[in-house]
Amino acid sequence: MSAPQASRFDLVVIGGGPAGQKAAVQASKAGRRALLIDREANAGGACVRYGTIPSKTLRETAVAFEAFGRRTGGVVDVKVPGSTRLASLMTRLDHVVRGNEEFLTAQLQRNHVEVWHGRARFVSPRELEVTDLHGDVRRATGTAIVVATGSSPRVPTDIPIDHEHILDSDSILTIAWLPKSLIVLGAGVIACEYASVFAALGTQVTIVDAAARPLPFLDAELVRGFTDAFARCGGTFLGAHRAKTVAWNGLDAVEVTLDDGTPLRAEKLLFALGRTANLDGLNIGAAGLVASSRGTLEVDPCFRTPVPHIYAVGDVIGPPALAATAMEQGRRAACHALGLPAGGRGELVPIGVYTVPEMACVGLDEDAARARFGDVLVGRAKFDELARGRIAGAEGGLLKLVVDPAGERLLGVHVVGDGATELVHVGQMAIVGGLAVDVFVEQALNFPTLAEAYRVAALDVINQRARRATVDRVARARLADTLPASS
Amino acid sequence: MTVAPAEMDPRVCARLDDVIAKGDLDVPALGEAVAQLLIETRKPDADVRRVADIIRRDAALAGNLMKLANSSQYAGREPAVTLQQVVSRVGTTALRDLALVIATRTRAFRVAGHEQEMRDLFAHAFATGLYAQEVARTRRLGVEEAFLAGLFHDVGRPLVLQLVIDLYAEVGEPVDDRVLAWAADALHADIGARAVETWQLGKNLADAVRYHHDFGRDTARRPAALAAFASALARYALAGGTGTAVGTGDTTDADLDDPVVVAQLEAEIAVREHPAVTALGVYPDDVVRFLQAAPKVVKQVAEAL
Chain A
1 MSAPQASRFD LVVIGGGPAG QKAAVQASKA GRRALLIDRE ANAGGACVRY
51 GTIPSKTLRE TAVAFEAFGR RTGGVVDVKV PGSTRLASLM TRLDHVVRGN
101 EEFLTAQLQR NHVEVWHGRA RFVSPRELEV TDLHGDVRRA TGTAIVVATG
151 SSPRVPTDIP IDHEHILDSD SILTIAWLPK SLIVLGAGVI ACEYASVFAA
201 LGTQVTIVDA AARPLPFLDA ELVRGFTDAF ARCGGTFLGA HRAKTVAWNG
251 LDAVEVTLDD GTPLRAEKLL FALGRTANLD GLNIGAAGLV ASSRGTLEVD
301 PCFRTPVPHI YAVGDVIGPP ALAATAMEQG RRAACHALGL PAGGRGELVP
351 IGVYTVPEMA CVGLDEDAAR ARFGDVLVGR AKFDELARGR IAGAEGGLLK
401 LVVDPAGERL LGVHVVGDGA TELVHVGQMA IVGGLAVDVF VEQALNFPTL
451 AEAYRVAALD VINQRARRAT VDRVARARLA DTLPASS
Chain B
488 MTVAPAEMDP RVCARLDDVI AKGDLDVPAL GEAVAQLLIE TRKPDADVRR
538 VADIIRRDAA LAGNLMKLAN SSQYAGREPA VTLQQVVSRV GTTALRDLAL
588 VIATRTRAFR VAGHEQEMRD LFAHAFATGL YAQEVARTRR LGVEEAFLAG
638 LFHDVGRPLV LQLVIDLYAE VGEPVDDRVL AWAADALHAD IGARAVETWQ
688 LGKNLADAVR YHHDFGRDTA RRPAALAAFA SALARYALAG GTGTAVGTGD
738 TTDADLDDPV VVAQLEAEIA VREHPAVTAL GVYPDDVVRF LQAAPKVVKQ
788 VAEAL
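Residue numbers (our numbering), protein chains in the order written: chain A, 1 to 487; chain B, 488 to 792.
Where hints are given, some of them may not hold.
Below, simulated BS3-like cross-link-like pairs (lysine-lysine); rule was C-alpha separation at most 25 Å, straight line [said to hold, decoys possible]:
hint : chain 1 : residue 1 : chain 2 : residue 2
1    : A       : LYS244    : A       : LYS180
2    : A       : LYS79     : B       : LYS690
3    : A       : LYS79     : B       : LYS786
The hints are simulated quantities; they were obtained by calculation from the structure and are not laboratory data.
Make the full structure from the sequences, and use the hints.
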């Protein structure tokens, strides 16, 4: 039987998650013919089905419980009952997921993006074969191709994930009842998000990880804010440990033995140690592509793979593997592929971690800024020193501004606490606009708000700047005194 | 009510409408011990001894549990000889499912004069439960509740049969097999869901039963799609399918004279072309894996019976 005639497109996108969606829509908005291929029928990728959207829906309930207890000062004892259906803690999930799927589907239709439902595989560098659920095959060629197939939880060989007692991040939210106890293997974004959400809901959570502290890519002060809050919820972090054996005992618990012999047991276990790029079945060899040693696709700053007309974006190229980053990568890849200006400073993408409390950052952290600019200034504002923070019973919230050695140019913003993922955008716009840190003092901000933290942290910087200027003046004067007068 | 066939006695038809409208169904109780087990095993601190005590109060349940716990699915190296050993071996969550299996078989799948049909129906229900777990595992749907969705998806059938038989007895007329078949097909999903609600097994499970012939592509009805797809797989397995038929091209024209082979082929086609394939996003290679699991499922069903 001969191969079916291939349909021709300006841009073919494989994968309908945040990265793929944005790439396809960008191409269509530019008047180009775009095809989006997705193995799932509903738009949105893992972000909508297993990841960002469902976990944040559960998190919203956890945050409400945690905040209620905190804000009422323990006057009303609110605890999630021991036998609570997990689904009952995210009753709006179907509504939220459906809303997102409908929105994304409408966006694709509105922009005339053609959508094929099926699994794609390369048959040549420019041609793809797409097999649908019933085994029917279609072919498509693209002047440019964007691989945005995302990632899946890593499947370990030594841990028997059964999706019932030992789960991964795709199946953790399918459990029927809120577990009494949970062991989380891993201390990355997904691990910490789920760990803190379940801890806030009253589950006894233990995080086990080989690293000494969780989320090592984040500012250490932010992470301390997170670990303190996690401990207040009864959570335990066991750093510098590895799980040697993991097994469901067939009765009532998952049993773990750590590398130092310490036994742990819990009702459920979440394995969240890494994700694997979704390249299986894509037959990348036929396109002339090779996976890196980490199993991802390597790209240049324009998201081009070594095969120039093939781009890769999102989780399939590795960290940071965040939805916001992926969307921007998708948009930029499409722009580059089609010769369109991408605009803006694409490297300035905020990072949001939806733990309880949430964390966010944008720009350089203290160490990176010091390495690049020297003796930078750091301004801090603690939420519990702000009127709004005290009203809300904020514990451990912190906003840090990293400013250049002259104490003027904002280089980075780091926030932990209520509203961190929203607050960070104020700083992001200041960085993008090249504003001096003084702007936060010179402009009126609503009172009482947590955004006032910007003013407090900016004042901290301005005070340090003044002290530094004084010290410099004194030093210069002393230096002048010790030098012979010029002739 | 869906338009009844002409063969149905109009008096029965009217009474059936009345019973359904009022929700006046005679749903068999699952038994005091099972009801208590459902409560006890949901407690976060469920105690093995307390669970064993509850089971001990129902001799038939205890005996059946001992038998199931010593089947190949759960058996250890040594046979369990005490109820406490059984509870320890099986685990409290699985024990709840097993108790429900036993209770439905002995109390729900029971219609006098239809014993063989009930045995077949229960075998189908159990196989559907097992398959539902496997499909749920692959598609990342809730594994814990998948078994019960499969087990209960057709629990309305015996209840409808009993109801129609009783109504015909009331009017003193013999019941027509075609009427029974029609009533079971038309009403079992709704009646089954009502029974699940009566047994207080939760809205999710009731919805899975209620919509297993009407799941569409609504994500909220995926458990119903799961039960429906597992039911088609169970039918294939119980027809003797082994995963090597149409899809692999092993079937010859001569085979098509054999009614068993034809039944298997029809069951396989029903699986491959099932609307739940689209609703659940099951690709052909996944289907093949499910079909190949048929002998294992059949073995587990045989042991359970």
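- Message: Next pair to validate is A:LYS244 with A:LYS180; report whether the Cα-Cα distance is within 25 Å.
- Response: This hinted pair holds, its Cα atoms lying about 23 Å apart.
- Item | Given hint B:LYS786 paired with A:LYS79 - CA-CA distance at most 25 Å | Since the Cα atoms of A:LYS79 and B:LYS786 sit roughly 45 Å apart, the hinted pair is violated (cutoff 25 Å).
- Query: Does B:LYS690 lie within 25 Å of A:LYS79 when you go C-alpha to C-alpha?
  - Reply: Satisfied, since the Cα-Cα distance of roughly 23 Å is no more than 25 Å.
Hint compliance for this structure: hint 3 alone is broken.
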